[in-house]
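Asks: Spelled out, the chains give:
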Amino acid sequence: GESVGLHLPTLSVQEGDNSIINCAYSNSASDYFIWYKQESGKGPQFIIDIRSNMDKRQGQRVTVLLNKTVKHLSLQIAATQPGDSAVYFCAERSGGSYIPTFGRGTSLIVHP
Amino acid sequence: NAGVTQTPKFRILKIGQSMTLQCTQDMNHNYMYWYRQDPGMGLKLIYYSVGAGITDKGEVPNGYNVSRSTTEDFPLRLELAAPSQTSVYFCASSYIAGGRDIQYFGAGTRLSVL
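Protein chains in written order, with the working numbering: chain A, 1 to 112; chain B, 1001 to 1114.
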């Protein structure tokens, strides 16, 4: 079946570097994408979202890029900090569905 | 505004026991969800609800039941607990508006079935 997946299960970076977390999706009907951050022992927390009529959206230190041609989504974190260490999930939803589909997650480890 | 509140935070069950995981939200969201998360894995949808009195199965509903008698509460019932139900359970709520659907999650219930 169609699914959402991540390329890298673990990403290690140095404090101050920029981080890029990737996500591939296969459902061509997906029209809404969300990134969540899950810190150890906590529930996921919304970071940023993007609709399919956009290819880029920026937040505070985060940018989401959407490439519909290759069905690829990425989350860029600028000047990564130790507090950014967490598991990051992408999720997608297709029009008319109440149910988002979550990817497996990427663990981001930030070394001071 | 507490958001999504789950109780209990931890629980140990014996095989065959039953329990109810409680979930309450104070954001007046119509949509509520129950997920389970196994170690190192993503979220799997157990049940969801689009409003009071309406529930539907997700990806992994076997062994669970839900009810939604009010907008605020969405309890998850485990009947005849099995070791395979050892997991972390997350409740979430959301509202869908303007094409956006942001889910707000509780802190989770860590369940062990021994």
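Everything labelled a hint here was simulated from the structure, so no lab data went into it. Note that CB positions come from ideal geometry on N, CA and C, so glycine has one too. Check before you lean on any hint, since a few could be wrong.
As the list claims (entries may be wrong) - Distance windows between CB atoms, simulated:
#	chain 1	residue 1	chain 2	residue 2	range
1	B	Thr1005	A	Ser97	23 to 33 angstroms
2	B	Gly1098	A	Ala29	32 to 42 angstroms
3	B	Leu1080	A	Asp55	26 to 36 angstroms
4	B	Ala1097	A	Gly59	30 to 40 angstroms
5	B	Lys1057	A	Gly41	38 to 48 angstroms
6	B	Asn1028	A	Gln45	14 to 24 angstroms
7	A	Lys68	B	Pro1061	47 to 57 angstroms
What the hints assert, rightly or not - Sample of chain A residues facing chain B (criterion: CB under 8 angstroms; computed from the structure):
#	residue
8	Lys42
9	Phe46
10	Arg51
11	Arg93
12	Gly96
13	Phe102
14	Arg104
15	Gly105
16	Ile109
What the hints assert, rightly or not - From the derived model, a few chain A residues whose C-beta atoms are all more than 12 angstroms from chain B:
#	residue
17	Asp31
18	Arg61
19	Ile99
Asks: None of the hints should be skipped; say for each whether it holds.
Replies: Quick rundown of the hints versus the structure:
1. Hint check: Thr1005/B to Ser97/A, Cβ distance near 27 angstroms, so the stated range 23 to 33 angstroms holds.
2. The hinted window of 32 to 42 angstroms between Gly1098/B and Ala29/A is violated, with their beta carbons roughly 19 angstroms apart.
3. The hinted range of 26 to 36 angstroms is not satisfied by Leu1080/B and Asp55/A, whose Cβ atoms lie roughly 49 angstroms apart.
4. Between Ala1097/B and Gly59/A the Cβ separation comes to about 19 angstroms, which falls outside the hinted range of 30 to 40 angstroms.
5. In this structure, Lys1057/B and Gly41/A break the distance hint of 38 to 48 angstroms, their C-beta atoms being roughly 29 angstroms apart.
6. The hint said 14 to 24 angstroms for the Cβ distance between Asn1028/B and Gln45/A, and at roughly 20 angstroms that hint holds.
7. For the pair Lys68/A and Pro1061/B, the beta carbons lie near 32 angstroms from each other, so the given range of 47 to 57 angstroms is not met.
8. Satisfaction of the interface hint for Lys42/A is found here, the shortest Cβ-Cβ separation to chain B being roughly 6 angstroms, below the 8 angstroms cut-off.
9. Checking Phe46/A against chain B by beta carbon gives a least distance of about 5 angstroms; that is within 8 angstroms, so the hint holds.
10. About 5 angstroms separates the beta-carbon of Arg51/A from the nearest beta-carbon of chain B, less than 8 angstroms, and the hint is met.
11. Taking 8 angstroms as the C-beta cut-off, the interface hint given for Arg93/A holds, the closest approach to chain B being about 6 angstroms.
12. With 8 angstroms as the threshold, the beta carbon of Gly96/A stays out of range of chain B, its nearest partner Cβ sitting at about 11 angstroms, so the hint is violated.
13. Checking Phe102/A against chain B by beta carbon gives a least distance of about 4 angstroms; that is within 8 angstroms, so the hint holds.
14. With a cut of 8 angstroms, the hint placing Arg104/A at the interface with chain B holds, because the nearest CB-to-CB distance is about 4 angstroms.
15. At its closest, the beta carbon of Gly105/A sits 5 angstroms from a beta carbon of chain B; the interface hint therefore holds under the 8 angstroms criterion.
16. The closest approach between the C-beta of Ile109/A and any C-beta of chain B is roughly 14 angstroms, which is over the 8 angstroms cut-off, so the hint fails.
17. Interface exclusion of Asp31/A from chain B breaks down, the closest Cβ pair being 8 angstroms apart, not more than 12 angstroms.
18. No Cβ of chain B comes within 12 angstroms of the Cβ of Arg61/A; the nearest lies about 19 angstroms off, and the non-interface call holds.
19. Against the 12 angstroms criterion, Ile99/A falls within the reach of chain B, whose nearest CB is about 6 angstroms from its own CB.
Hint violations for this structure: numbers 2, 3, 4, 5, 7, 12, 16, 17 and 19, all remaining hints satisfied.
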